Amino acid sequence: MSDAPHILTLKIDDQDVSAVEGQTILAVARENGIAVPTLCFLKGLSPVGACRLCLVEIKGVPKLLPACVTRAAEGMEVTTDSPRLREYRRTILELLFAERNHVCSICVSNNNCELQSLARAQGLTHVRVPYRHPRLGVDATHSRFSADHNRCILCARCVRVCDEIEGAHTWDIMGRGIDCRVITDMNQPWGQSDTCTSCGKCVHVCPTGTLTEKGVAAAEMKKRQQFLPYLTAMREERE
Amino acid sequence: MTPEELRELAARRREELQEFKYRLNVCLAAGCQSCHGDSVYKALKAEVESRKLEGVQVRGVGCLSLCAEGPLVQVEPDNLLYQRVRAEDAPELIESMYGKPLKRLACPTDAPFFAAQKQIVLENSGRIDPESLEDYLAADGYEGLMRALTEMTPAEVIAEMTTSGLRGRGGGGFPTGLKWSTVAKSKGAKKFVICNGDEGDPGAFMDRSVLESDPHRVIEGMIIAGYAVGASHGYAYIRAEYPLAVKRIQNAIKQATKVGLLGEGICGTGFGFTIEVRLGAGAFVCGEETALIASIEGKRGQPRPRPPFPAESGLWGYPTLINNVETFANVPPILRNGGAWFAGMGTEKSKGTKVFALAGRVKNTGLIEVPMGITLRKIIFDIGGGIPDGKKFKAVQTGGPSGGCIPEEHLDMPVDYDSLAKVGSIMGSGGMIVMDETSCMVDVAKYFMEFCKSESCGKCVPCRAGTDQMHGLLSKICAGEATMDDLALLEHLCEVVKNTSLCGLGQTAPNPVLSTLRYFRHEYLAHIQEKRCPAGVCKIKAAAEVHA
Amino acid sequence: MPPIPKKVDPPSADKRWRMVDNTMRKHGYRPDALIESLHTMQECFGYLEEPGLRYVAQALRLPLSKVYGVATFYHFFTLKPKGRHTCVVCMGTACYIKGAQNILDEIEHKYGVKPGETTKDDALSVLTARCIGSCGLAAAVVVDGAIAGKVSAKQTLDLIEKAVAS
Amino acid sequence: MSAKIRLATVWLDGCSGCHMSLLDIDERLLDIADRIELVSSPIMDVKGFPENIDLTIVEGAITNEEDLHKVLAFRKNTKLLMALGDCAITGNVPAMRNTFAIDDLYNRAYVENADAEKQVPGAVVPRLLDRTRPIHEVVPVDVYVPGCPPHADVIFYAIAELLEGRMPDPMKMGKFG
Numbered sequence: 001m002s003d004a005p006h007i008l009t010l011k012i013d014d015q016d017v018s019a020v021e022g023q024t025i026l027a028v029a030r031e032n033g034i035a036v037p038t039l040c041f042l043k044g045l046s047p048v049g050a051c052r053l054c055l056v057e058i059k060g061v062p063k064l065l066p067a068c069v070t071r072a073a074e075g076m077e078v079t080t081d082s083p084r085l086r087e088y089r090r091t092i093l094e095l096l097f098a099e100r101n102h103v104c105s106i107c108v109s110n111n112n113c114e115l116q117s118l119a120r121a122q123g124l125t126h127v128r129v130p131y132r133h134p135r136l137g138v139d140a141t142h143s144r145f146s147a148d149h150n151r152c153i154l155c156a157r158c159v160r161v162c163d164e165i166e167g168a169h170t171w172d173i174m175g176r177g178i179d180c181r182v183i184t185d186m187n188q189p190w191g192q193s194d195t196c197t198s199c200g201k202c203v204h205v206c207p208t209g210t211l212t213e214k215g216v217a218a219a220e221m222k223k224r225q226q227f228l229p230y231l232t233a234m235r236e237e238r239e
Numbered sequence: 001m002t003p004e005e006l007r008e009l010a011a012r013r014r015e016e017l018q019e020f021k022y023r024l025n026v027c028l029a030a031g032c033q034s035c036h037g038d039s040v041y042k043a044l045k046a047e048v049e050s051r052k053l054e055g056v057q058v059r060g061v062g063c064l065s066l067c068a069e070g071p072l073v074q075v076e077p078d079n080l081l082y083q084r085v086r087a088e089d090a091p092e093l094i095e096s097m098y099g100k101p102l103k104r105l106a107c108p109t110d111a112p113f114f115a116a117q118k119q120i121v122l123e124n125s126g127r128i129d130p131e132s133l134e135d136y137l138a139a140d141g142y143e144g145l146m147r148a149l150t151e152m153t154p155a156e157v158i159a160e161m162t163t164s165g166l167r168g169r170g171g172g173g174f175p176t177g178l179k180w181s182t183v184a185k186s187k188g189a190k191k192f193v194i195c196n197g198d199e200g201d202p203g204a205f206m207d208r209s210v211l212e213s214d215p216h217r218v219i220e221g222m223i224i225a226g227y228a229v230g231a232s233h234g235y236a237y238i239r240a241e242y243p244l245a246v247k248r249i250q251n252a253i254k255q256a257t258k259v260g261l262l263g264e265g266i267c268g269t270g271f272g273f274t275i276e277v278r279l280g281a282g283a284f285v286c287g288e289e290t291a292l293i294a295s296i297e298g299k300r301g302q303p304r305p306r307p308p309f310p311a312e313s314g315l316w317g318y319p320t321l322i323n324n325v326e327t328f329a330n331v332p333p334i335l336r337n338g339g340a341w342f343a344g345m346g347t348e349k350s351k352g353t354k355v356f357a358l359a360g361r362v363k364n365t366g367l368i369e370v371p372m373g374i375t376l377r378k379i380i381f382d383i384g385g386g387i388p389d390g391k392k393f394k395a396v397q398t399g400g401p402s403g404g405c406i407p408e409e410h411l412d413m414p415v416d417y418d419s420l421a422k423v424g425s426i427m428g429s430g431g432m433i434v435m436d437e438t439s440c441m442v443d444v445a446k447y448f449m450e451f452c453k454s455e456s457c458g459k460c461v462p463c464r465a466g467t468d469q470m471h472g473l474l475s476k477i478c479a480g481e482a483t484m485d486d487l488a489l490l491e492h493l494c495e496v497v498k499n500t501s502l503c504g505l506g507q508t509a510p511n512p513v514l515s516t517l518r519y520f521r522h523e524y525l526a527h528i529q530e531k532r533c534p535a536g537v538c539k540i541k542a543a544a545e546v547h548a
Numbered sequence: 001m002p003p004i005p006k007k008v009d010p011p012s013a014d015k016r017w018r019m020v021d022n023t024m025r026k027h028g029y030r031p032d033a034l035i036e037s038l039h040t041m042q043e044c045f046g047y048l049e050e051p052g053l054r055y056v057a058q059a060l061r062l063p064l065s066k067v068y069g070v071a072t073f074y075h076f077f078t079l080k081p082k083g084r085h086t087c088v089v090c091m092g093t094a095c096y097i098k099g100a101q102n103i104l105d106e107i108e109h110k111y112g113v114k115p116g117e118t119t120k121d122d123a124l125s126v127l128t129a130r131c132i133g134s135c136g137l138a139a140a141v142v143v144d145g146a147i148a149g150k151v152s153a154k155q156t157l158d159l160i161e162k163a164v165a166s
Numbered sequence: 001m002s003a004k005i006r007l008a009t010v011w012l013d014g015c016s017g018c019h020m021s022l023l024d025i026d027e028r029l030l031d032i033a034d035r036i037e038l039v040s041s042p043i044m045d046v047k048g049f050p051e052n053i054d055l056t057i058v059e060g061a062i063t064n065e066e067d068l069h070k071v072l073a074f075r076k077n078t079k080l081l082m083a084l085g086d087c088a089i090t091g092n093v094p095a096m097r098n099t100f101a102i103d104d105l106y107n108r109a110y111v112e113n114a115d116a117e118k119q120v121p122g123a124v125v126p127r128l129l130d131r132t133r134p135i136h137e138v139v140p141v142d143v144y145v146p147g148c149p150p151h152a153d154v155i156f157y158a159i160a161e162l163l164e165g166r167m168p169d170p171m172k173m174g175k176f177g
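Residue numbers (the working numbering), protein chains in the order written: chain A, 1 to 239; chain B, 1 to 548; chain C, 1 to 166; chain D, 1 to 177.
Heads up, a few of these hints could be off.
[As the list claims (entries may be wrong)] Computed cross-link-like contacts, SDA-like style, restricted to lysine to any residue with a CA-CA straight-line distance of at most 25 Å:
id: 1; chain 1: B; residue 1: Lys476; chain 2: D; residue 2: Arg131
id: 2; chain 1: D; residue 1: Lys76; chain 2: D; residue 2: Pro140
id: 3; chain 1: B; residue 1: Lys392; chain 2: B; residue 2: Phe381
id: 4; chain 1: D; residue 1: Lys76; chain 2: A; residue 2: Thr125
Hints in this document: simulated from the structure, not taken from any laboratory. Quick caveat, the model's predicted, so the values are computed rather than measured.
Here chain A stands alone, though its shape is the one from the complex (with noise of 0.2 Å):
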């Protein structure tokens, strides 16, 4: 194998595009300013592949993938955006909002959700399933922040960002199927957490309202992301 990197091309869309080797095909789009709808997904965590919305069809391939976690590979056909596209990555929102209960008092104020975000850019106006309404807690013990369990939609960004950059693994996921639900530590009060250092970078992470910080206004509560290239880039440096 040489150093030199082997560039690819592909269509994205009708376009044509260039990539290089290894590159997510989600990569690709989005440095062409192809939008394509994430949610789990956050540049600098480990992709998972688990929100499905960055589904595309590739041509020759029966299956949809996850543009997050697929490589682009030469000659390749991508359609990022088709009605058939389209109808599932409402379906999925949908069953999102019904889910738990996204009846939000800080995102209606001040639109940083990201769920909110993507449910106005599919074009959604109502959600055929029924809500579950199921009976989730908020946990505001900690000192500085909160987590109100009814607005997470498990994309599982906190696990990731308190794992993979702060090494502190103080949040997981307990339980299976559509019981789970972040934890942290042994399922105990956030605030009694042994391990949390209250960085609050999941906090910032969380694509939501249901990590927020205490005292600060709703209108104020932006989510700042930008730390997260440095530290991965200084992650991997010392790997």
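Use these hints to put chains B, C and D onto chain A, whose structure you have.
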């Protein structure tokens, strides 16, 4: 031990076995044990001892196939089979060996249940003591391995597998030879072989039976695979719910290690291989390759997107071969008799035989092995003896929660991977549940959806939330509270979940709904429009108050 | 070679912890020993209790939340102690179409417990299994470890009654 | 110029904020006033249900028997039905009671939190349904105008488009969730 020494061991055991003129094989597999097969075994042993009989051996063996009629005892040399034997029948059974066949308990072995079967995987099942290495050796055990190690290169072994046309018996039907050659070609400092014994289909017990009745066969298959792909370590991942299977495979590993069939320098060659048992802990999703790997690594059994496939990057990132129990069990006879021999059985695209766990509303429930290409009708009505209690056949379910329900009109179709897929079901791992008119197909669909919902790992949205919503809609239909809009929504969710889920569990979860909608839509409509359950299973409230 | 881990003390002087430690040692205290260790703990103690989970986490150098996540992912594990007697109703397909649901309903009717629950007097825990692999004997139940095949609801209740009385 | 369209507005389980927002259309109301005949509204005193309605605008979720009765009656008598605001579209705040058992709710509201006459009322108060639902779960909805409340501009846009015989797409201006 060298091959010569092992063969000597086998010859000695054959001689020993011949010393006994009579042999009583008592089934001690889980099925017969649960109806007190062990007390029959003890009673027969005591009877032989108290009468001081010479040349009579009482032996505990693996599954004798007809679970419905257990406990089963087989008497050699006449090969008579006795059913529903109780401990107090022991004296009569002993006397039966001396010219007085016991008609009262006789089970006709020329009946189609036995005659129509073709046993390869189960060839030793019920014929050897599963806890005896020598018994396995005496039945040509490890001959396939010895042939592979001493006469063939790894590439030749893979070529033999490719010739055989064997396809994965776990459900997917991926060509085994191709899988092996992919792993063999993958580069890695280490490679692993995993045996998937996390039998997940809730209505199937093939793998359990093979592990309980003939554990060495699976080990032999794994070692051959290790040699072929260049792996030196294997994991046997077995459900913790199968304690007997776990015990027997552990015992077999110990025995094989003792005689040098596992460890360094197997059979005096330079090849080394070890096997470790790992217990599953009750997660259907771990039947999925990447979830299974996560579980062996000690993590939550959540799948990850493929590619990369485990063949390239699997356990701890190393190339990994994963096959299921039955697939490995097919390997020794293929190596012993040649791939061409195996390819001579079955249909054009589905070779060999398939083991099915025949259960449900059918007379002869049990474990059967049939050649590929046999018709469903033959399995259900000849081998299975038809539907009991004068009831009418309605459907047969194959493939468990990932499969579908096949109606009467398709019963004459050959059983192979492609035909089953064509009618909306799958081969699956081998569960075959027969249903009669007393089963409601909407209720069956709801049952499977409840299963998928509780087995969904929760990682991807469509499977986690979609199965829950589909289950809710099916419950609504069963309760007679649904509208035609609900049915349309259910069908829409089926499509989305099928096409967008991350792994096989979610992608196939809608199958039981889709197949029942395809063949039994009228039953759905009866629940929705007429507010009645044709089979009388669902409890529908009279004049249920339905809005909209 | 990884550094030799510092000795972690078990939660109590209970000798059963040695069994758990044996399993961990057998696997070189590697992280992948987690599930095997939990199996041993459950076998020894009947369930997984929190101090034990913390002990295993420390000994295997695993995050607490990860251990808790694994323990709650697998349905074979239970974090609650079981009753003195157990009845497992197989919910495999063959058992389901031969009336497993009815068996559960009858048990609930008589003892007031749903699957996964234990009676108030700790006498009986009712559990379900997704399939115990005895489909040829549907409907099957396991009362105190003994499988009974082809049972009706009535027979199951009799078996439970006998077990509880013993 | 066609005949005036017959318009009704309905207030179910909601805070009336959507109706406030509707009135916030302000002077633009005059632009459309001569093209509309208001046949029923909480801001009018009309008994019974008018017939032959062209457009019914519904605020609020369906939470009790009276809501259900109303929405079914209006749906029967209207050509188009607009779900106005998040309560009508998602259930929103009123639906947050769905996590509780109905008896607990009654007890909390009328017994625990009552100063006097600690008693769950009888027939005077319409019974709660088993759960609070958005409008489209009960009757078909033609136009969704989300928001809590929807901005007056969005409401005006939606009505104006309908008056022109076009189907509005309020998502372009409004927001879901």
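Outcome of the hint check:
| no. | hint | result |
| --- | --- | --- |
| 1 | B:Lys476 x D:Arg131 | holds, 15 Å |
| 2 | D:Lys76 x D:Pro140 | holds, 11 Å |
| 3 | B:Lys392 x B:Phe381 | holds, 12 Å |
| 4 | D:Lys76 x A:Thr125 | holds, 23 Å |
Checked against the numbered hints above, the structure breaks none of them.
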